[in-house]
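Student: Each chain, written out:
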Amino acid sequence: METLSYWIGMAGTVAFAVTAVLALAPKNIDLFGAVVLGIITAIGGGTVRDLILDVPVFWSIDLNYIWVALGASIAAFSANSLFTRKEIYSLMLYVDGFGVALFAIEAVNKVWNLGFGLPLAPVILGIVTAIGGGLIRDVLAGRQTLLMTRELYATPVLFGCTVYVILLELFPDYRFISSVISCLCIFGVRAAAIHWRLTVPLWLTTNPKTE
Amino acid sequence: METLSYWIGMAGTVAFAVTAVLALAPKNIDLFGAVVLGIITAIGGGTVRDLILDVPVFWSIDLNYIWVALGASIAAFSANSLFTRKEIYSLMLYVDGFGVALFAIEAVNKVWNLGFGLPLAPVILGIVTAIGGGLIRDVLAGRQTLLMTRELYATPVLFGCTVYVILLELFPDYRFISSVISCLCIFGVRAAAIHWRLTVPLWLTTNPKTE
Amino acid sequence: METLSYWIGMAGTVAFAVTAVLALAPKNIDLFGAVVLGIITAIGGGTVRDLILDVPVFWSIDLNYIWVALGASIAAFSANSLFTRKEIYSLMLYVDGFGVALFAIEAVNKVWNLGFGLPLAPVILGIVTAIGGGLIRDVLAGRQTLLMTRELYATPVLFGCTVYVILLELFPDYRFISSVISCLCIFGVRAAAIHWRLTVPLWLTTNPKTE
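Protein sequences appear in the order of chains Z, G and Y. Mapping the first sequence onto this note's numbering, position 189 (from 1) lands on 611, and the numbers just tick up by one. Mapping the second sequence onto this note's numbering, position 39 (from 1) lands on 461, and the numbers just tick up by one. Mapping the third sequence onto this note's numbering, position 169 (from 1) lands on 591, and the numbers just tick up by one.
Note that these hints are calculated values from the structure, not bench results. Small disclaimer: the values here were computed from a predicted structure and weren't measured. Take these hints with a grain of salt, some might be off.
[Claimed, not checked] Okay, derived cross-link-like pairs now, DSS-like style, lysine-lysine, Cα gap no bigger than 25 Å in a straight line:
#	chain 1	residue 1	chain 2	residue 2
1	Y	LYS449	Y	LYS508
2	Z	LYS508	Z	LYS449
3	Y	LYS449	Z	LYS449
4	G	LYS508	Z	LYS449
5	G	LYS449	Y	LYS449
6	G	LYS449	G	LYS532
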């Protein structure tokens with residue numbers, strides 16, 4: 423089980439780095455910029471989480487996260503045309519969604535085990551872990567961050583992390599099944615959003631008249 | 423006294439979150455983005471301060487800061503039209519100014535008590551605490567940060583924190599009265615700036631010819 | 423030797439702050455904004471490094487870094503016309519390049535001594551130390567970061583830090599000479615880039631057709 427989750431985590435890292443490089447490619451960046459932003463996207467959120475928790479940053483203990491992000495960024499940069507093929511890019515979006523779900527739930531677990539700021543901090547740091555890297559990338563690349571769009575990316579994470587914390591509170595003995603359910607909550611909504619191009623409904627935005 | 427300062431701190435948190443959401447409303451953000459940016463504005467500066475001090479982040483010990491920022495953000499998002507009424511918005515600006523003053527002086531106190539990098543670090547971290555959250559919000563929202571405007575927002579904080587450090591050095595036995603004086607220094611200048619729409623004088627900018 | 427490296431570090435701090443203020447001057451900022459951004463440029467990268475390493479931030483132990491950055495920022499702000507004179511500005515660019523080289527190599531040393539995430543983390547944190555402050559400055563000032571340009575600024579740092587880590591691995595007994603060689607690697611490439619206005623070759627960018 424541990425091993426499975428580890429490999430899914432690595433797949434998520436690949437997807438984070440690849441989607442980052444592909445998103446930035448039209449901006450005409452060089453190899454160095456692509457690799458830096460790919461790695462930041464993959465590990466930035468977890469790094470901020472670990473700084474706030476005051477625990478060693480996860481990649482300093484297991485450098486594989488960096489190696490994998492490094493390799494994936496270089497691959498995406500070199501084989502740009504391969505990864506922008508419709509099927510591959512679509513696959514990457516789903517793997518990215520799965521990575522987001524997994525990283526968020528793992529972060530909730532980590533914070534919960536440390537008893538850090540329960541019950542609110544696990545949800546907050548779950549979101550930070552899942553979207554923090556992408557936010558830092560967009561800020562450094564001068565792109566609009568997803569907080570300013572109606573994309574259904576962060577809201578499913580909020581939903582799933584909240585579900586998980588409630589389940590942990592109510593059924594402390596069924597931790598594994600709770601984590602699977604919460605993970606699927608996030609991935610389910612995210613996959614639906616990718617497939618049907620769903621966005622946040624207009625009545626939940628500040629300016630409902632502009633479409 | 424402790425209790426009074428605690429409640430003023432909470433009022434400041436409300437004002438930080440509310441003014442953040444109102445400032446962002448014209449940008450057409452969704453509820454999630456509004457809440458995230460409201461919370462970041464309210465707690466971001468103190469979080470960076472605590473990371474640099476290497477002490478537990480303040481909101482992990484007292485989650486009320488997050489709950490209050492969360493509630494205030496949702497309220498400001500929902501009752502947008504109420505909060506943009508001239509009197510209410512104006513009130514919020516002054517409460518925000520008072521929150522800035524209080525947070526800055528409390529931060530100087532915290533850093534001073536830790537004996538961290540005296541005498542310079544208390545001033546620097548007072549400024550970080552007061553304006554850090556707003557800077558992170560503006561960067562994530564793609565807005566111009568206040569460092570690039572002539573608004574009199576950060577300069578009063580620098581002034582008041584410097585006054586407080588000098589008073590702490592000269593009159594270590596009159597700490598309470600010193601903190602009140604310094605707090606009023608910041609709030610006084612800030613309130614004057616809001617009331618008379620004062621800005622940084624042109625001769626203190628790099629390009630005095632452009633008006 | 424220690425003393426020499428200390429003074430070179432201070433010269434680098436001056437150059438970081440001065441080039442930052444000069445770069446921002448056309449944007450019409452006020453004295454406060456100039457000083458804040460000058461200091462952030464000079465100490466931001468090392469601060470992020472120390473947070474990730476979970477060691478006390480370097481300037482809290484030796485406040486001279488802040489005083490020097492503060493003085494240099496005020497000087498550059500006041501004597502703008504002096505520093506924009508062609509020879510002085512050119513000198514500053516080279517001193518900045520030397521500061522980058524020195525800070526990067528010193529960072530690799532620090533991380534290596536802590537045995538933190540070897541062998542990858544020293545290179546990563548060397549780059550963070552050298553360019554982190556400039557990235558934060560550009561983000562706060564609303565400028566395009568150097569990651570999105572073809573400037574040869576960060577790539578030499580990657581090159582020199584990698585060389586140094588390899589030399590440390592292969593010749594642990596020749597640490598001093600290794601550090602000098604690696605420092606010169608960075609400065610050499612950077613100086614060449616300034617002198618001949620070299621940029622990253624187009625085939626190493628994502629969009630080789632746009633010139």
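Student: Find the hints from earlier in the document that the structure breaks and name them by number, from lowest to highest.
Tutor: Failing hints, ascending: 4, 6.
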